[in-house]
Amino acid sequence: MFEQILFYWFTAVLLLAAIGVVVVRNPVYSALSLILAFFTMTALWLLMEAEFLAIALILVYVGAVMVLFLFIIMMLDLKIVEREGFIRYLPIGLGVAGMVALEMIMVLQRSNFDSERYLAAESPADFNNAEALGELLYTHYLYPFEIAAVVLLVAVIAAILLTLRKRVATDQPAKTQDIEQQVRVKREDRVRLVKMKSE
Amino acid sequence: MEFISSLWYAIPEVLRTVIVILLQIVAVVIPLILTVAYTTYAERKVIGFMQGRMGPNRVGPRGLLQPFADTVKLLLKEVIIPTKSDRYLFLLAPILALAPAFSAWVVIPFSENMVLADINAGLLFILALSSLGVYGIIIAGWASNSKYSMLSAMRIGAQMVSYEIAMGFALGGVLIASNSLNLNDIVHAQSGSIFSWFAWPLFGLFIVYFISGVAETNRAPFDVAEGESEIVAGFHVEYSGIAFALFFLAEYANMIMISALTSIMFLGGWLSPFQGLDFLINIPVIGLFFGNGIHWLALKIAFFLLLYLWFRATFPRYRYDQIMRLGWKVLIPVTFVWIFFEIIAVALGWQPWL
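If you're matching them up, the sequences are chains L and B in order.
Numbered as in our numbering, the first sequence ends at 395 without a single skipped number.
Numbered as in our numbering, the second sequence ends at 700 without a single skipped number.
No lab work stands behind these hints, which were simulated from the structure alone.
None of the values given here were measured: they were computed from a predicted structure.
Idealized CB from N, CA, C, for every residue including glycine.
Any given hint might turn out to be false.
As the list claims (entries may be wrong) - Simulated DEER-style distance windows between Cβ atoms:
1. Thr363/B - Leu333/L: 52 to 58 Å
2. Met244/L - Ile357/B: 52 to 58 Å
3. Ala260/L - Ile588/B: 27 to 33 Å
4. Lys371/L - Val676/B: 18 to 24 Å
5. Lys391/L - Ala415/B: 52 to 58 Å
6. Gly394/B - Val387/L: 43 to 49 Å
7. Asp624/B - Asp374/L: 55 to 61 Å
Said to hold, decoys possible - Calculated lysine to aspartate or glutamate pairs in the EDC-like style (CA-CA distance at most 20 Å, straight line):
8. Lys371/L - Glu458/B
9. Lys675/B - Glu245/L
10. Lys675/B - Glu376/L
Between the sequences and the hints, there should be enough to build the whole structure, so can you do that?
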């Protein structure tokens with residue numbers, strides 16, 4: 197009973213937030229709606245006892261990705277855009293929406309996604325979600341997991357390399373501060389005591 | 347008594363659950379708020395002592411009522427909303443800062459069975475909530491529509507996202523050592539004696555965690571977000587009255603939170619340092635003090651809070667690029683190396699702490 201009330205409440209909030217993302221005019225508001233949508237989504241996942249996934253969603257999407265998103269939106273020179281060309285883009289939008297709906301229907305009709313298959317998995321009270329997931333990841337799915345990790349590592353290195361720029365004019369590396377050198381500075385390097393007669 | 351219990355069972359079950367949960371929340375939040383109030387008092391007294399001043403000493407005996415005077419003052423002051431600000435977000439921001447700071451306390455084990463929600467993924471829950479704290483500040487900075495606030499929000503956002511990584515890795519080390527994500531199990535994994543605390547085998551992670559904790563809460567020497575000499579007061583320049591007080595409350599609640607977590611994960615939480623010395627624990631009455639209990643957690647938290655204040659009185663503020671360098675180039679590599687050797691030790695079955 198209590199869970200049902202919670203479920204309907206969170207679903208309602210989730211739907212409203214998701215609609216808000218597209219409908220709201222101010223981009224900051226729509227980013228915030230997206231955050232709200234993620235957050236209520238995790239609440240729903242928690243109700244389904246998928247606590248590890250739920251918390252990972254908060255950690256990764258809400259805690260990191262959306263922060264950067266919000267950052268960028270806030271840094272832009274925001275002008276609240278009046279909606280224009282609604283009719284012009286309507287056919288394309290409808291086409292995309294129809295396509296997504298069709299794909300979802302097709303996927304859900306496959307037996308793999310039959311909801312009955314998953315209902316049977318009634319877990320005991322002391323079932324540890326994180327542990328079960330870890331065991332699967334490090335045994336059954338070890339190779340895909342490791343490959344994904346390596347791909348991510350390559351992406352990280354690539355992202356760092358992109359920021360290493362040279363100055364075009366002099367072909368020298370960009371000016372940076374060498375903090376080690378700054379820290380090692382001694383008094384003698386900066387201060388010169390001059391002895392002179394008083395004037 | 348009978349009447350009360352019959353009245354209690356007359357309430358529908360859903361409502362009863364809600365009432366019990368609300369009462370539990372109140373039981374945690376009110377002591378927390380009081381602790382925050384007296385942490386501000388302690389801060390002014392301790393820093394006053396370190397700088398050869400008196401600190402607050404006018405309201406009540408030895409200034410002990412000062413926090414209440416401050417609260418009343420802040421409550422009665424007008425909350426000014428700048429005309430060009432984004433009204434709703436401006437008022438929402440303090441709440442967004444406060445909510446994660448308070449809600450993380452549900453998983454903290456205060457004593458053997460004193461925990462509101464003994465969930466499996468307690469550690470992850472705390473990581474997730476501490477990553478949410480940044481929203482209140484970013485939104486405050488943006489909604490104020492002030493350059494200083496905006497600059498501060500930018501600084502703080504980058505700083506918190508960076509230090510979260512080092513923090514997460516330090517927690518990963520604890521997770522490997524204790525084999526559990528549940529905070530109570532982590533405390534139990536450290537039982538035995540003072541030498542079984544994780545602070546010894548995980549010393550590097552312990553230091554890294556506390557330093558990143560200081561950076562996460564934007565306290566000195568990492569408080570570029572409110573660097574007075576550059577950007578007035580940072581993200582809360584435009585806030586006044588109780589809206590400002592809420593930011594303050596969140597900051598101090600976070601400080602206490604980080605202190606509590608450091609104690610729980612590295613210094614054995616509510617475990618007594620005299621554990622294993624049975625002759626001390628078996629003394630009647632005094633033995634209660636030497637035994638495990640919430641008072642040890644409180645003492646450890648108080649110690650870390652003192653460190654916070656001590657840092658503030660001692661270190662000059664870091665430059666922004668130095669903060670970034672410390673986070674990315676010093677703390678994160680330290681955690682990498684430490685965890686690497688820890689994994690080797692665990693794989694070889696060489697676990698001196700178990």
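Agreement of Lys675/B and Glu245/L with the hint, judged by alpha carbon distance not exceeding 20 Å: Judged against 20 Å, a Cα distance of about 38 Å means the pair is violated.
State, for the Cβ atoms of Lys391/L and Ala415/B, whether the hinted interval 52 to 58 Å holds or is violated. For Lys391/L and Ala415/B the Cβ distance comes to about 56 Å; the hint holds.
Between Thr363/B and Leu333/L, is the Cβ distance one that fits in 52 to 58 Å? Check failed, 35 Å falls outside 52 to 58 Å.
Is it true that Asp624/B and Asp374/L lie within 55 to 61 Å of each other by Cβ? holds, 57 Å
The hint says 27 to 33 Å between Ala260/L and Ile588/B; measuring C-beta to C-beta, is that right? Holds - the Cβ-Cβ distance for Ala260/L and Ile588/B, about 31 Å, lies within 27 to 33 Å.
Cβ separation of Gly394/B and Val387/L, checked against the hinted range 43 to 49 Å: violated, 33 Å
Is Lys675/B within 20 Å of Glu376/L, Cα to Cα? Holds. Lys675/B to Glu376/L sits at ~12 Å (cutoff 20 Å).
Hint check: Lys371/L vs Glu458/B, CA-CA at most 20 Å. Holds or violated? Judged against 20 Å, a Cα distance of about 56 Å means the pair is violated.
That 18 to 24 Å hint for Lys371/L and Val676/B (C-beta), does it hold up? Holds: the Cβ-Cβ distance is about 22 Å, inside 18 to 24 Å.
Taking 52 to 58 Å as the stated bounds, is the beta-carbon spacing between Met244/L and Ile357/B within them? violated, 28 Å
Hint violations for this structure: numbers 1, 2, 6, 8 and 9, all remaining hints satisfied.
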